[in-house]
Amino acid sequence: MREVLEKMIHLARLRLPDEERNRLTKKTEHILEYIERLKELNTDTIEPTSHAIEVVNAFREDAVKPFSNPKKLVEIAPKSFENLFEVPKVINEG
Amino acid sequence: MKVKELSEKLAAKKISSVEIAQGYFKKIESLNPKLNCYLILCKEGALKQAKESDARRAKGETRGPLDGVPIALKDIFVTGGVQTTCASKILGNYIPPYDGTTSAAFKKSGAVMLGKLNMDEFAMGSSNEFSAFGPVRNPWNLEYIPGGSSGGSAAAVAADLCVAATGTDTGGSIRQPASLCGIVGMKPTYGRVTRYGLIAFASSLDQAGPMTKDVTDSALMLNVMAGHDPMDSTSLNLQTTDFAASLGKSIKGLRIGLPKEYFIEGIDPEVKESVAKAAKKFEEMGAIVEETSLPHTKYAVPAYYIIAPAEASANLARYDGVRYGYQTPDAEDLLELYEKSRTHGFGPEVTLRIVLGTYVLSTGYYDAYYLKAQKVRTLIKKDFLEAFASGGKFDAILTPTAPTPAFKLGEKTDDPLKMYLSDIFTIPVNLAGLPGLSLPCGFSKAGLPIGLQLIGKHLDEEKLLQIAFAYEQSTEWHTRRPAL
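Residue numbers (my numbering), protein chains in the order written: chain A, 1 to 94; chain B, 1001 to 1484.
Quick caveat, the hints were computed from the structure, so don't treat them as lab data.
Owing to the predicted nature of the structure, the values given are computational and were not obtained by experimental measurement.
Fair warning: there could be bad hints in the mix.
Cut-off 27 Å, straight-line C-alpha distance, at most; resulting in silico cross-link-like pairs (DSSO-like, lysine-lysine) [stated by the list, open to error]:
no.: 1; chain 1: A; residue 1: K27; chain 2: B; residue 2: K1382
no.: 2; chain 1: A; residue 1: K26; chain 2: B; residue 2: K1408
no.: 3; chain 1: B; residue 1: K1298; chain 2: B; residue 2: K1393
no.: 4; chain 1: A; residue 1: K39; chain 2: B; residue 2: K1051
no.: 5; chain 1: A; residue 1: K89; chain 2: B; residue 2: K1089
no.: 6; chain 1: A; residue 1: K27; chain 2: B; residue 2: K1412
no.: 7; chain 1: B; residue 1: K1252; chain 2: B; residue 2: K1280
no.: 8; chain 1: A; residue 1: K39; chain 2: B; residue 2: K1408
no.: 9; chain 1: B; residue 1: K1408; chain 2: B; residue 2: K1393
no.: 10; chain 1: B; residue 1: K1089; chain 2: A; residue 2: K71
no.: 11; chain 1: A; residue 1: K72; chain 2: B; residue 2: K1280
no.: 12; chain 1: B; residue 1: K1107; chain 2: A; residue 2: K39
no.: 13; chain 1: B; residue 1: K1089; chain 2: A; residue 2: K7
no.: 14; chain 1: B; residue 1: K1107; chain 2: A; residue 2: K65
no.: 15; chain 1: B; residue 1: K1382; chain 2: A; residue 2: K72
no.: 16; chain 1: B; residue 1: K1051; chain 2: B; residue 2: K1009
no.: 17; chain 1: B; residue 1: K1412; chain 2: A; residue 2: K26
no.: 18; chain 1: A; residue 1: K79; chain 2: B; residue 2: K1089
no.: 19; chain 1: B; residue 1: K1048; chain 2: B; residue 2: K1108
no.: 20; chain 1: B; residue 1: K1043; chain 2: A; residue 2: K72
no.: 21; chain 1: A; residue 1: K27; chain 2: B; residue 2: K1298
no.: 22; chain 1: A; residue 1: K65; chain 2: B; residue 2: K1108
no.: 23; chain 1: A; residue 1: K72; chain 2: B; residue 2: K1107
Partial chain A-side listing against chain B, Cβ under 10 Å, derived [claimed, not checked]:
no.: 24; residue: R13
no.: 25; residue: P17
no.: 26; residue: R23
no.: 27; residue: P48
no.: 28; residue: T49
no.: 29; residue: V64
no.: 30; residue: P66
no.: 31; residue: F81
Glycine residues also receive a C-beta, built at the ideal position from the N, C-alpha and C atoms.
Model the full assembly from the supplied sequences, consistent with the hints where possible.
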């Protein structure tokens, strides 16, 4: 289990110290054990429900609506430069 | 003070909105250090709104029953220009550049927003102990939790630190804390209230609703919150109704079902007794109360703990430390920036659910967990629909809201399952998308509130409010307030 969870932690873009990974493994195992009880039910012929209320596509006009303060969207970023979000260098020089 | 009561006083010009707001801030200043329900106070903004409301009234205008009434929002509602943290470090410095639809609706109603209320981080929790900004305490006994995740809302309403509040409910987060704090909490039908501007936890389950001191206020608040919103594609496009219209109608002849699976071993005897007494009360009022069965009830919690974390892991992928919120100060490359920002930004319970959600959605496990849970969801929904239709023809289902009254701080924080089971009676309602309402029905010997839950048919909030109002009128539980 721990190995599988290591992979999940990476997929979820988390970086946990050893102690924390142990805690997480124990708790996840405990929860999964409880979830196992769903196996008692035969659901072969049952359709899945993704939303309790059936909704059809909610189409709306593909029209441009002005946003009151587009500058603010960039300004609230932890680091920004003019109208760009700033991140560490992504491409290495060859 | 209640919405209706205050609204009448304001209309009669017995008091001004500014005076009322000032009074509430004074009370908050003295009691919030004990209870920790408010995360953010909006004194300047609130007094400005109150002044504007008073000016409207002086001219003989009013925007309705909420005009000039001080309310507070759970800190999951996006409020333009006002800090919105979702009780998480990852959003600790987030000031949204826009208003969510609900926040805008309250502004339009003339309500005065006192501030933002504490909660479990990202609404994940049942005790309000998973807030990054400290736990909330139950106003009835400070050693006890107020319930969660809308614990700040429930405590603030119970302690009268606001007239009414909003909450959100993904698996019981309005109803369970309402029950534990002795107030009225309503989770409407999925789609009734917009999710636009509601920080997402599990999108197929999340639903916002009112938390109030009585049923009338619940209806008045729902009138402001409900309605179609083109910004939320799951918002139901229906004509708006006046939810207060059914209040006062007789409940004679209405059929109320008591599902036997909700009165199982492990339920606190005082809770069981209070709900049984409430069932008798309903009979006295002319309703027909009969036992019924919802056979898949025990599979609701395990199905929920697949579906909710799965949706949460996808929803919380957006917190990347780049566009808003917390960013780690020391990252060499982009991956490290993501990983460190997320790891330092999320608390332990949120981390656990993200990892669990990623696991149940991953290749090789998807069918066994996520698809299985969605099929079980179908069965749970079917149980309810049968009880409402041919099976029992019930108008509503009556259950306890929570299996126990409030528990002590620290009692369940180490064992996720123990914590999750405090939502055992509320979770099925979210899975089925039904409306559910919790209202006070007694007190334990230790003096802690007990709540009952009424579950209604899809879109039948009016009937729930009608039944709840009838019960409230014939009991005095809702009139009790904690001594603080």
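A quick look at each hint next to the structure:
For the proposed pair K27/A and K1382/B, the alpha carbon gap of about 31 Å is over 27 Å, so the pair is violated. A threshold of 27 Å between alpha carbons decides the hint, and for K26/A with K1408/B the separation of about 24 Å falls inside it, so the pair holds. Our distance criterion of 27 Å between C-alpha atoms is met by K1298/B and K1393/B, whose separation comes to about 23 Å. Among the hinted pairs, K39/A with K1051/B is inconsistent with the structure: their alpha-carbon atoms are about 60 Å apart, more than 27 Å.
A threshold of 27 Å between alpha carbons decides the hint, and for K89/A with K1089/B the separation of about 25 Å falls inside it, so the pair holds. This hinted pair checks out: K27/A and K1412/B have alpha carbons roughly 13 Å apart, not beyond 27 Å. For the hint pairing K1252/B with K1280/B, the CA-to-CA distance comes to about 13 Å; that is within 27 Å, so the pair holds. With a C-alpha separation of about 34 Å, the suggested pairing of K39/A with K1408/B is violated against the 27 Å cut-off.
For the given pair, K1408/B sits about 40 Å from K1393/B by alpha-carbon distance, which is inconsistent with the 27 Å threshold. About 24 Å separates the Cα atoms of K1089/B and K71/A, which keeps this hinted pair within 27 Å; it holds. Of the supplied pair hints, the one linking K72/A and K1280/B is violated, its CA atoms being roughly 58 Å apart against a limit of 27 Å. Of the pairs offered as hints, the one joining K1107/B and K39/A is violated, with about 49 Å between alpha carbons and a cut-off of 27 Å exceeded.
About 25 Å separates the Cα atoms of K1089/B and K7/A, which keeps this hinted pair within 27 Å; it holds. This hinted pair checks out: K1107/B and K65/A have alpha carbons roughly 21 Å apart, not beyond 27 Å. Restraint check for K1382/B and K72/A: the C-alpha separation of about 47 Å exceeds 27 Å, so the hint is violated. Of the supplied pair hints, the one linking K1051/B and K1009/B holds, its CA atoms being roughly 16 Å apart against a limit of 27 Å.
For the given pair, K1412/B sits about 16 Å from K26/A by alpha-carbon distance, which is consistent with the 27 Å threshold. For the suggested pair K79/A and K1089/B, the alpha carbons sit about 17 Å apart, so the restraint of at most 27 Å is met. Proximity of K1048/B to K1108/B is assessed by CA-CA distance (about 14 Å); at most 27 Å being required, the pair is judged to hold. A distance of roughly 23 Å separates the Cα atoms of K1043/B and K72/A; the hinted pair therefore holds under the 27 Å criterion.
Of the supplied pair hints, the one linking K27/A and K1298/B holds, its CA atoms being roughly 21 Å apart against a limit of 27 Å. A C-alpha spacing of about 21 Å is found between K65/A and K1108/B, which places the hinted pair at or below 27 Å, so the restraint holds. Between the alpha carbons of K72/A and K1107/B the distance comes to roughly 21 Å, so the proposed pair stays at or under 27 Å and holds. Using the Cβ-Cβ criterion of 10 Å, the hint placing R13/A at the interface with chain B is satisfied: the shortest such distance is roughly 4 Å.
With a least beta-carbon distance of about 9 Å to chain B, the hint placing P17/A at the interface is held under the 10 Å criterion. Using the Cβ-Cβ criterion of 10 Å, the hint placing R23/A at the interface with chain B is satisfied: the shortest such distance is roughly 8 Å. Interface hint status for P48/A: upheld, as the beta-carbon distance to the closest one in chain B is roughly 3 Å, under 10 Å. Nearest Cβ of chain B to the Cβ of T49/A: about 4 Å, under the 10 Å cut. The hint holds.
Among the interface hints, the one on V64/A is violated; its C-beta lies about 15 Å from the nearest C-beta in chain B, farther than the 10 Å criterion. At a threshold of 10 Å, the smallest CB-CB gap from P66/A to chain B is about 12 Å, leaving the interface hint violated. For F81/A, the interface hint is violated, since its Cβ never comes within 10 Å of a Cβ in chain B; the closest pair sits about 13 Å apart.
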